[in-house]
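Chains as they are written, first to last, in the working numbering: chain L, 1 to 117; chain P, 1001 to 1112.
Please note that the accuracy of each hint is not assured.
Partial pick of chain L residues on the chain P-facing surface, computed with a CB cut under 7 Å [to be verified]:
# : residue
1 : Val11
2 : Ser43
3 : Lys105
4 : Gly111
5 : Ser115
Label-pair distances were calculated between CB atoms; the ranges are [stated by the list, open to error]:
# : chain 1 : residue 1 : chain 2 : residue 2 : range
6 : L       : Lys14     : P       : Asn1075   : 25 to 35 Å
7 : P       : Gly1095   : L       : Gln60     : 37 to 47 Å
8 : L       : Leu117    : P       : Ser1051   : 46 to 56 Å
Hints were generated in silico from the structure; no laboratory data involved.
The model shown is predicted, which means the values in this text are computed figures rather than measured ones.
Every residue gets a Cβ at the ideal spot worked out from N, C-alpha and C, and that includes glycine.
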Amino acid sequence: GAVVSQHPSWVICKSGTSVKIECRSLDFQATTMFWYRQFPKQSLMLMATSNEGSKATYEQGVEKDKFLINHASLTLSTLTVTSAHPEDSSFYICSASGTGGTNEKLFFGSGTQLSVL
Amino acid sequence: EDKVVQSPLSLVVHEGDTVTLNCSYEVTNFRSLLWYKQEKKAPTFLFMLTSSGIEKKSGRLSSILDKKELFSILNITATQTGDSAIYLCAVEPGGSNYKLTFGKGTLLTVNP
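Next up, chain L with everything else stripped away, as it sits in the complex (with noise of 0.2 Å):
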């Protein structure tokens, strides 16, 4: 099936940094891709929809100019937290959506645990 690679899986930081985190799709074209964040044991919770070079478009409550987002190819997708404090600690993930060869059509990264000092 396809993949989606993420990196960093995890990183820490302190606070007042900004962390770019990564998603590439690395057999497919991604048109869309979409960031999640999750907090333990609750559900992944979409943020934004990013298209290749256009805008993302952002879920109500999440703030753009913090968490900015860059689709600048088909195949790579950057989320930037800027100016990270401890309450941005979370699990990021990634996703994609591509032509599978079953039903699946949303590939998911393998995440990233930020954890903000």
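Using the hints provided, position chain P relative to the given structure of chain L.
Frame of chain L; chain P shown alone:
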């Protein structure tokens, strides 16, 4: 606003038991309902359901959709400790290009 409600939120069973996980939804212009298993990292795809009454089966797992009652169930028979995970239900509206709304998930723990 699209909505997905899963129940129970958590469940503890013994190996060999059969479990049924529930998912009800409200969505504008329904396209599909999906089930995922999440262990430690990324969710892994289990099933996609689009039509009512047609059971999808994969080994010990099966799922069915009722579009009239806006409901789906995921069954796991003869559970094993490796089935311990969070099971996520999600719905996809038509025309959304896979923009999914997830439920809170069911945390299943299978004890030896």
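Taking the hints in turn, this is what the structure says about them:
Using the Cβ-Cβ criterion of 7 Å, the hint placing valine 11(L) at the interface with chain P is not satisfied: the shortest such distance is roughly 15 Å. Taking 7 Å as the C-beta contact cut-off toward chain P, the hint placing serine 43(L) at the interface holds, the least distance being around 4 Å. At a threshold of 7 Å, the smallest CB-CB gap from lysine 105(L) to chain P is about 6 Å, leaving the interface hint in force. A least Cβ separation of about 5 Å between glycine 111(L) and chain P falls short of the 7 Å threshold, and the interface hint therefore holds.
The beta carbon of serine 115(L) is not positioned within 7 Å of any beta carbon in chain P (closest approach about 16 Å), and the interface hint is therefore violated. About 47 Å separates the C-beta atoms of lysine 14(L) and asparagine 1075(P), a value inconsistent with the hinted range of 25 to 35 Å. Checked against the given bound of 37 to 47 Å, the beta carbons of glycine 1095(P) and glutamine 60(L), roughly 19 Å apart, lie outside it. For leucine 117(L) and serine 1051(P), the hinted distance range of 46 to 56 Å is satisfied, since their beta carbons lie about 50 Å from each other.
Of the numbered hints listed earlier, those contradicted by the structure are 1, 5, 6, 7.
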